[in-house]
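Undergrad: Given these sequences and hints, build the entire structure.
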Amino acid sequence: MAETILFDEPSDVLGERPLSRRGFIAGLLSAGFALAVRPVTAQTVIHTDSVGLVSGAVAIPTKDGVLPAYRSAPQGPGKHPVVLVVHEIFGVHEHIKDITRRLAKLGYFAVAPELYFRQGDVSKLESIEAIRAQVVSKVSDAQVLADLDAAVDWAGKNGGDLERLGITGFCWGGRIVWLYGAHQPKLKAGVAWYGRLDGERTELTPKFPIDVASELKAPVLGLYGGQDQGIPLETVERMRAALKCAGGTSEIHVYPDAPHAFYADYRPSYRKEPAEDGWRRLQDWFRRHGV
1 MAETILFDEP SDVLGERPLS RRGFIAGLLS AGFALAVRPV TAQTVIHTDS VGLVSGAVAI
61 PTKDGVLPAY RSAPQGPGKH PVVLVVHEIF GVHEHIKDIT RRLAKLGYFA VAPELYFRQG
121 DVSKLESIEA IRAQVVSKVS DAQVLADLDA AVDWAGKNGG DLERLGITGF CWGGRIVWLY
181 GAHQPKLKAG VAWYGRLDGE RTELTPKFPI DVASELKAPV LGLYGGQDQG IPLETVERMR
241 AALKCAGGTS EIHVYPDAPH AFYADYRPSY RKEPAEDGWR RLQDWFRRHG V
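Position 65, counted from 1, in the sequence shown is what the UniProt record's numbering calls 65; the numbers after and before it change by one each time, with no gaps.
In case anyone wonders, no lab produced these hints; they're calculated from the structure. Take the hints with a grain of salt, since some may be wrong.
[Said to hold, decoys possible] Here are the simulated DSS-like pairs of lysine-lysine, each with C-alpha atoms no more than 27 Å apart in a straight line:
| # | residue 1 | residue 2 |
| --- | --- | --- |
| 1 | Lys63 | Lys157 |
| 2 | Lys79 | Lys186 |
| 3 | Lys105 | Lys272 |
| 4 | Lys244 | Lys217 |
| 5 | Lys79 | Lys105 |
| 6 | Lys63 | Lys244 |
| 7 | Lys63 | Lys138 |
| 8 | Lys244 | Lys186 |
| 9 | Lys79 | Lys217 |
| 10 | Lys207 | Lys217 |
| 11 | Lys157 | Lys207 |
| 12 | Lys157 | Lys105 |
| 13 | Lys63 | Lys79 |
| 14 | Lys63 | Lys217 |
| 15 | Lys207 | Lys63 |
| 16 | Lys207 | Lys186 |
| 17 | Lys138 | Lys124 |
| 18 | Lys157 | Lys138 |
| 19 | Lys138 | Lys207 |
TA: Structure, rendered in structure tokens:
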């Protein structure tokens, strides 16, 4: 079995590793929030503590290096259902880490891999345009899906129950949820938050969710905002039609007055009621489908 490196917060009961390695892996994850989203809207930031949890940076072996990730799970013995958390365009910063802790409080083994660490550190870039041009444009879907597979394998060897595997993702990660639903046969369910459904196909991004609606191996719940300027309702309706044509049990729910990123409690786009309703729907969706 491949060596697992664990660098956890004080609530972790597992063994420590040398400080130099701790600093190396933890340093590959964003501290706080990405520059591109600062200043943060402090009055709406939700903070979930690590009491009763094992939470912190971990290193996941892959075929071509070590994948940094943030993991949160309930303390104590026993296996827990696994939920992959796919970050926004801003990488694994504090909001994404907090989401893993929210899931862990519900009893899940949640892991959020830094899916474009090979291409660069987006946390230091000051605009979304720079992030797209300098980093994300170089990331292939094939790399992302392989890294998620590595995270699943790692979770199964470190306390996760792969018989109950789910995935959720936000914005950039929402698109990935749909693609992973068509890729991973072990998956039980996915929840995609305002992920792009269609767009320009390239060598690195050859397919979009609308292309794989008939290939989904697990039901996906899509949560979208009716006022999202980047994902027109016409595109959402085309995805709905594609899902209906394909059969299955995937669904899309639209919040008519919500903008893009309505779950991002650290940004002005946050909308409390849709965010809380979406979180309830996520929990229900996972329960219904065996996660």
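Undergrad: Do the alpha carbons of Lys79 and Lys186 lie within 27 Å of each other, as the hint requires?
TA: holds (16 Å)
Undergrad: Quickly compare the C-alpha distance for Lys244 and Lys186 to 27 Å and report which way the hint goes.
TA: Satisfied, since the Cα-Cα distance of roughly 23 Å is no more than 27 Å.
Undergrad: Can the restraint linking Lys63 and Lys217 be considered satisfied, given a maximum Cα separation of 27 Å?
TA: Answer holds: Lys63 to Lys217 is near 25 Å, not above 27 Å.
Undergrad: Hint check: Lys63 vs Lys244, CA-CA at most 27 Å. Holds or violated?
TA: violated (38 Å)
Undergrad: Please work out if Lys207 and Lys186 have their alpha carbons no farther apart than 27 Å.
TA: Measuring from Cα to Cα gives roughly 21 Å; hence the hint holds.
Undergrad: Given the hint that Lys157 pairs with Lys207, test it: the Cα-Cα distance must not exceed 27 Å.
TA: violated (31 Å)
Undergrad: Holds or violated: Lys207 and Lys63, Cα atoms, limit 27 Å.
TA: holds (24 Å)
Undergrad: Can the restraint linking Lys157 and Lys105 be considered satisfied, given a maximum Cα separation of 27 Å?
TA: With a Cα-Cα distance of about 21 Å, the restraint between Lys157 and Lys105 holds, given a limit of 27 Å.
Undergrad: Below or equal to 27 Å on CA atoms is what counts here, so check Lys207 against Lys217.
TA: Holds, at roughly 16 Å.
Undergrad: For the pair we were handed, Lys244 and Lys217, check the Cα-Cα distance against 27 Å.
TA: holds (15 Å)
Undergrad: If you draw a straight line from the CA of Lys105 to the CA of Lys272, is it 27 Å or shorter?
TA: Answer holds: Lys105 to Lys272 is near 20 Å, not above 27 Å.
Undergrad: Hey, Lys138 versus Lys207, does the alpha-carbon distance stay inside 27 Å?
TA: holds (16 Å)
Checked against the numbered hints above, the structure breaks hints 6, 11 and 18 and satisfies the rest.
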